[in-house]
Amino acid sequence: MYAQMVTSDPRDETVEGQAFQARIDAGEKIEPRDWMPEGYRKTLIRQIGQHAHSEIVGQLPEGNWITRAPTLERKAILLAKVQDEAGHGLYLYCAAETLGVSRDEMTEMLLDGRMKYSSIFSYPTLTWADMGAVGWLVDGAAIMNQVPLQRTSYGPYARAMIRVCKEESFHQRQGFDIMMKMAKGTPAQKKMAQDALNRFWYPSLMMFGPSDKDSVHSAQSMAWKIKMNTNDELRQKFVDLTVPQAEYLGLTIPDPDLKWNEERGHYDYSEPDWSEFYDVLKGNGPCSVDRIETRKKAWDDGAWVREALMAHSEKQKTKVAAE
Amino acid sequence: MTEPKAPEWPLWEVFIRGQHGASHRHVGSLHAPDAEMAIKHARDVYTRRKEGVSIWVVPTTAIAASNPDMKGPLYDPSDSKPYRHPTFFDIPKEIGTM
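Protein chains in written order, with my numbering: chain A, -8 to 314; chain B, 311 to 408.
Check before you lean on any hint, since a few could be wrong.
Below, simulated DSS-like cross-link-like pairs (lysine-lysine); rule was C-alpha separation at most 25 Å, straight line [claimed, not checked]:
1. 204(A) / 33(A)
2. 350(B) / 66(A)
3. 172(A) / 182(A)
4. 350(B) / 310(A)
5. 273(A) / 33(A)
6. 20(A) / 381(B)
7. 181(A) / 288(A)
8. 216(A) / 204(A)
9. 315(B) / 157(A)
10. 350(B) / 308(A)
11. 250(A) / 228(A)
12. 288(A) / 273(A)
13. 20(A) / 216(A)
14. 315(B) / 306(A)
15. 33(A) / 250(A)
16. 308(A) / 287(A)
17. 381(B) / 391(B)
18. 381(B) / 157(A)
19. 315(B) / 287(A)
20. 204(A) / 228(A)
21. 306(A) / 360(B)
22. 66(A) / 391(B)
23. 182(A) / 66(A)
24. 157(A) / 20(A)
25. 315(B) / 308(A)
26. 381(B) / 216(A)
27. 315(B) / 288(A)
FRET-style restraints, in silico, Cβ to Cβ [stated by the list, open to error]:
28. 387(B) / 25(A): 38 to 48 Å
29. 376(B) / 277(A): 47 to 57 Å
30. 316(B) / 17(A): 37 to 47 Å
31. 405(B) / 14(A): 39 to 49 Å
32. 401(B) / 157(A): 39 to 49 Å
33. 371(B) / 22(A): 16 to 26 Å
34. 64(A) / 399(B): 56 to 66 Å
Sample of chain A residues facing chain B (criterion: CB under 10 Å; computed from the structure) [said to hold, decoys possible]:
35. 88
36. 158
37. 160
38. 305
Everything labelled a hint here was simulated from the structure, so no lab data went into it. Bear in mind that the values here come from a model prediction, so they are computed numbers and not experimental data. Idealized CB from N, CA, C, for every residue including glycine.
Generate coordinates for the entire structure from the input sequences, incorporating the hints supplied.
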């Protein structure tokens, strides 16, 4: 997901901690000025921060195609989508900031590797069909996770998710629209669409993170209602919804063992290569170095603008005071 | 020698009024160097889909808030005053709408 392998702090066993858990169990929302266990606060900063970074870094693989979109309309749509991702990042940074971390601190932690972003954005976007695959599969996978997070226990996070979800469906549909166009186009276009699906299928399954059946972190995060479903539940749901869509497109999911299991009422599918996932998370994905370098360059190149605007604002204040 | 770190842009709370004459509502926050830029950013961040026709921005530091620990004493007393709601009173059908 956009936040993967978030380690969670242990449960707070004090009287306050138990009263806090009782509030969450009763479905109450926790707001910034409410008392909360340190572990809840820190875990949320890691989770929301990683989610925000993913939105921001997630602009890069798509930004790659803005200047090469096949038509002016596609270009305008892609621009609007990428701008939305920036907005999503900003909603989430603001939610994290209510927990007492600053946006600059979070940015620094991303740039020096203390915080991560989703593994999916370390993969390259090689053809225009990848814009279709990213919208259809990557945004589709993100929706699986973000819809239930609208009910998360932390108020500012839930509100950010509501805004994000309102906009996310446009992203997935525009991706599917690109896939439809290509899958029903010339043989070369169809081949390109199939190639994009081949490359993005397993990385999309990895977005949900490894099975968390035995993870203590997941159990604690679920008790705190900052994680609403297990990784396996969401992955299964994603597979079940996506397979018929691929069939509609006339494309083949690159998994020879994929088949409907009548008894379970779900598709059986092959697990992705988890060693690849861990390697990408460590920063060894095909584009990992490039992504962080690009963010670092944007941050460094923007420094003078941030400073100049602050200086201008200070100057205006003194001017007004002098008048 | 490392230069001192530039100060972060201050935080602003953003309020937007929708199309149909409702009040401005809090929608979120953002960083900006001054009020003018905060409004420009708010337009980009919070009104990409015609969410509103008017924006207010307020420095976050200017907001005073009630104490969350006082929720009980402040708001519970209204629980015992159901007569403040019109449905408390049964009006005979013959009277019609009231």
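Verification of the hints:
no.	hint	verdict
1	204(A) / 33(A)	23 Å, holds
2	350(B) / 66(A)	24 Å, holds
3	172(A) / 182(A)	12 Å, holds
4	350(B) / 310(A)	22 Å, holds
5	273(A) / 33(A)	21 Å, holds
6	20(A) / 381(B)	13 Å, holds
7	181(A) / 288(A)	37 Å, violated
8	216(A) / 204(A)	16 Å, holds
9	315(B) / 157(A)	37 Å, violated
10	350(B) / 308(A)	19 Å, holds
11	250(A) / 228(A)	14 Å, holds
12	288(A) / 273(A)	21 Å, holds
13	20(A) / 216(A)	10 Å, holds
14	315(B) / 306(A)	19 Å, holds
15	33(A) / 250(A)	41 Å, violated
16	308(A) / 287(A)	31 Å, violated
17	381(B) / 391(B)	17 Å, holds
18	381(B) / 157(A)	31 Å, violated
19	315(B) / 287(A)	16 Å, holds
20	204(A) / 228(A)	16 Å, holds
21	306(A) / 360(B)	34 Å, violated
22	66(A) / 391(B)	58 Å, violated
23	182(A) / 66(A)	22 Å, holds
24	157(A) / 20(A)	21 Å, holds
25	315(B) / 308(A)	21 Å, holds
26	381(B) / 216(A)	22 Å, holds
27	315(B) / 288(A)	17 Å, holds
28	387(B) / 25(A): 38 to 48 Å	21 Å, violated
29	376(B) / 277(A): 47 to 57 Å	51 Å, holds
30	316(B) / 17(A): 37 to 47 Å	44 Å, holds
31	405(B) / 14(A): 39 to 49 Å	44 Å, holds
32	401(B) / 157(A): 39 to 49 Å	41 Å, holds
33	371(B) / 22(A): 16 to 26 Å	18 Å, holds
34	64(A) / 399(B): 56 to 66 Å	59 Å, holds
35	88	7 Å, holds
36	158	7 Å, holds
37	160	12 Å, violated
38	305	9 Å, holds
In summary, the numbered hints that this structure violates are 7, 9, 15, 16, 18, 21, 22, 28 and 37.
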